[in-house]
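Participant: So the sequence lines, in the order shown, correspond to chains A and B.
The first sequence begins at 755 in our numbering and counts up by one.
The second sequence begins at 131 in our numbering and counts up by one.
In case anyone wonders, no lab produced these hints; they're calculated from the structure.
Accuracy of the hints is not assured; some may be wrong.
Below, in silico cross-link-like pairs of lysine-lysine (DSS-like), each with a Cα-Cα straight-line distance of 30 Å or less [what the hints assert, rightly or not]:
hint, chain 1, residue 1, chain 2, residue 2
1, A, Lys787, B, Lys337
2, A, Lys1084, B, Lys597
3, A, Lys1074, B, Lys424
4, A, Lys1074, B, Lys243
5, B, Lys578, A, Lys787
6, B, Lys758, A, Lys766
7, B, Lys243, B, Lys758
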Amino acid sequence: MNAPARIETTLKDWETDQEVRWCPGCGDYAILKAVQRTLPQLGSDPANTVFISGIGCSSRFPYYIESYGFHTIHGRAPAVATGVKLANPDLDVWLITGDGDGLSIGGNHMLHVLRRNVNMQILLFNNEIYGLTKGQYSPTSREGTRSPSSPIGSVDHPANPCAFALGAGARFVARGFDVSRHLPDVLMAAHAHQGAAFVEIFQNCVVYNKDVFNDFAQPKGAEDRQLWLTDGEPMLFAGGTRGLALDTDTLSLRVVEVSGGDWQAAGVLVHIPRNRMLAHLLVEMPFGPFPMALGVIYDDPRPTFESAVVAERTKASEGKTADLARLLAKGQTWTVPGSAADPVGSSVAGQGGPDL
Amino acid sequence: MATHAAPTHQPEVEPAAPDMVPDAVVVRFAGDSGDGMQLTGGQFTLSTALAGNDLATFPDFPAEIRAPQGTLFGVSAFQINFGSRQINTAGDAPDVLVAMNPAALKVNLPALKPGGLVIIDTGEFTRRNLDKAKYAANPLEDGSLAAFDVLAFDISAQTVEAVKPFGLGNKDALRCKNMWTLGLALWMFDRPREPLQEWLREKFRTKPDIAAANIAALDAGHAYGETAELSGPLRQLHLPPVPAEPGLYRTVTGAEAVSLGLVAGAQLAGLPMFFGGYPITPASAILHHLARLKEFGVTTFQAEDEIAAICAALGASYAGSLGVTSSSGPGIALKGEAMGLAIMTELPLVIVNSQRGGPSTGLPTKTEQSDLYQAVYGRNGDAAMPVIAARSPSDAFACAIEACRIAVEYMTPVMLLTDGYIANAAEPWRVPDPSAFTPFPARHLREKNGRDAQGAATLLPYQRDDKGARPWIKPGTPGLMHRIGGIEKHELTGNIDYSPANHQRMTDARKAKVDGVAVPDQEVCLGAAGGALAVVGWGSTYGPIHQAVRRSRAKGLDVSHIHVRHIWPLPANLGELLRGFDAVLVPEMNTGQFKTVLRDRYLVDAQSLTKTSGQPFQIAELEAAIAKFFDGIPGNEGGEVPPNPQQLPSFAQGHDDGTLKDAAAAQPGTPATQDRP
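Put together the whole structure using the sequences plus the hints.
Facilitator: Written out as structure tokens, the structure is:
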């Protein structure tokens, strides 16, 4: 994207006249506010911004943002967004999806939009449940989730969205949660990244999966359970008393105690967002023995898909003119002589001579 | 490339008495998949076109890319019908069969006309190849070819001998066999070799030895003809050029014509084109053609699947380009939900369906017209969409432009139907002059289009124009931010609106828009606009129907040919036109889909003539069906064309579905019934 002029807006400018229809207390409200708070900070232009979504509770999002919006069909938003971006690379595209939309019915498109590295922000609202269809377990539901379609508990192994994204070749992977005050920072980082920026946002479904993320998201004791990652900073949590170190024998992470703030002595690792291997370790860290890694986990840009497509089209067109008449007459041709210029279309082309 | 004038000189040697010269000839080249038969056929087609003959071709090749050599199911064939009169079909039965190996002979001999000429490469008739072709005895020796003129000689050895000076290995030398054969065919029909020599030099520009070897093979085949004429069944034949409209001509396949038409359509709309595709037979050729036309503002996107292909195209349309996607039946099925989204969001989109035999994977390389219901009715909800069907390779050009026009003018997806036959077949095409086309420039809304109660300017994304089309609003336009989606929306603002009255009005509006698409009145392409019998066709049955009706009329039968391009909405006058006939016959390569549509729309007693063997109708089959309406026997009209053993795959050809094998095993020593001529 060319650097567009910054537009001065306020949160109000990004609100539509549409009544928000999520359940009272839904985490989506907090995410909506976080996005509406972030857009003015980015200097975004509502006329140049497009929110594209699939199907599900989260996918109603575009109706509530005063920009261009396209509420598409289940799972296909990444494909629609790819077409939008190829047709007009200057548009600033935000993709809104959920765990069912993005990882179940639309898992294939998610894989490919990340692999191709189409420049857009992809916000995957993960509530570990199908909300809009009334509470069936989703591809991210934990084993044993009881739901209308799994009355004695689900037996599926859940997908790990960030691990999926890295595996698909994503060049930006981040995590946040609905009510976190850090969420706008994560969104700003995603926007700054040129390429497909994947953000998993844990979102509380108060009706069908209430407080399922409380184990790490509840304010009380959050410090001990959340590891907020910062570029170039040591990976410390629990008020700086604990950190992550590399166990070189098993090539895995381990939690180490830090005394007196001397994290270097404890061997605590420094976060380097460009380190892909480290990103893999962080997203695979089991919660419980380890804290939940949040913030920008991985950020290492490379050229975007749409820029490559535009470059290829430009190169292929070099020195050629779009002369339709010449194109139609290409190849080996022959002339049937006639006395006068023949009016075009006087007979069905290709059906030979007149009926005899 | 060079432009050649049609030859006007007389051949130096008059080949036969004038009354012996037929006005059309059917030649079939058949060989192993690796023998280059499609290439041979393609070049012979070009030479035929340059000679000024009208022509139609039918490439028939296996679904397998490199089937095992010499096997029955690895046989690849290319049929061409050409003549000094109008040609509409690839011809029923070949007059000449070129069989490059035993398998090719076995598969294609049943189709040959009695008394026809078969040219055989004896070099390939080894015990091993005869076994692969499941010949118990050598057909060259057991008298089974007695009903035909046979020219059997060692083409392989002749080729190796001809290319000897170029030091090629035996394998490379034998690869020139198809050019040797082409040289012979050129002699047979009195064609100049120069364009082919020129083409070979160009093709093998970086390998002059290979070019020279192929040219030597071509020349040797040509020279052989002159010698063989003295003693054998070979006769040189000159078919004079067909009287054609003056102008510049080229050959074109349906896939090329669709691609060119889409490019022209996007230009007439003044839009960049976005093409989303996913590889599928027989539609991929369109993706391949367009991928090479980037200088025309074409962006091609090979998507991860059929759904992504149409969704990306729709996304591009939303962003202001002309979105196009293309597939064949199974892929079209996958795109169904996204077509619904295009209908709901009222965005332009062109969907090309190159139909093939179905259901499911069906017959990927064979032709059928069985996706008509899918095109007209095949979506959830009341989801009307215009449908256009091309009748020939060259007609696909005009149809593609028409599809673009309707999509842009009416803000709707449009389906363009072609089929495997149209996609692959070639015919001469009078190159049109683009300056004569009428542009239909697309308009994107630039400012608010409505007034609110206080008289202030407001945006109404679903306010319709006199055609019932909503405005096309590109994201990026200042001040026109709005939201669209697949949920039912308010009839003006586009905001979510589930209210019963609104859904009724929106359903009616969507239907009325498509019903109101301006479609030219239906013309009768042959015969009177009323009478005893109308033969109503659509799509690629045009050629055989036209010839069958012409022949029937020559016999004095009161029959007319009506060929429908606009399948949905149908031309306004069609009902009245059909009511002017005592009987209506609808031949289709399906089980009667268009017949059902016509009955539903007009309450006419349309009779079906159906054929679902994966092969086009033959003229004779249609003539016989037409004759039934005039034979005085009541109640025998219409019906089904029985499987034609000359066209059907059979056990003997290696197309074994299990049942054939059982049948053959039960009757040792007798060929499978499907194999009998």
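Participant: Evaluate each hint against the coordinates.
Facilitator: Hints and how they fare:
1. A hinted pair counts as satisfied when its Cα atoms are at most 30 Å apart, and Lys787 of chain A with Lys337 of chain B does not qualify at roughly 67 Å.
2. Annotation: proposed proximity of Lys1084 of chain A to Lys597 of chain B is violated, straight-line Cα distance about 37 Å (limit 30 Å).
3. With a C-alpha separation of about 10 Å, the suggested pairing of Lys1074 of chain A with Lys424 of chain B holds against the 30 Å cut-off.
4. Proximity of Lys1074 of chain A to Lys243 of chain B is assessed by CA-CA distance (about 49 Å); at most 30 Å being required, the pair is judged violated.
5. A C-alpha spacing of about 28 Å is found between Lys578 of chain B and Lys787 of chain A, which places the hinted pair at or below 30 Å, so the restraint holds.
6. For the proposed pair Lys758 of chain B and Lys766 of chain A, the alpha carbon gap of about 76 Å is over 30 Å, so the pair is violated.
7. With a C-alpha separation of about 24 Å, the suggested pair Lys243 of chain B and Lys758 of chain B falls inside the 30 Å cut-off, and the hint holds.
Violated hints for the displayed structure, listed by number in ascending order: 1, 2, 4 and 6.
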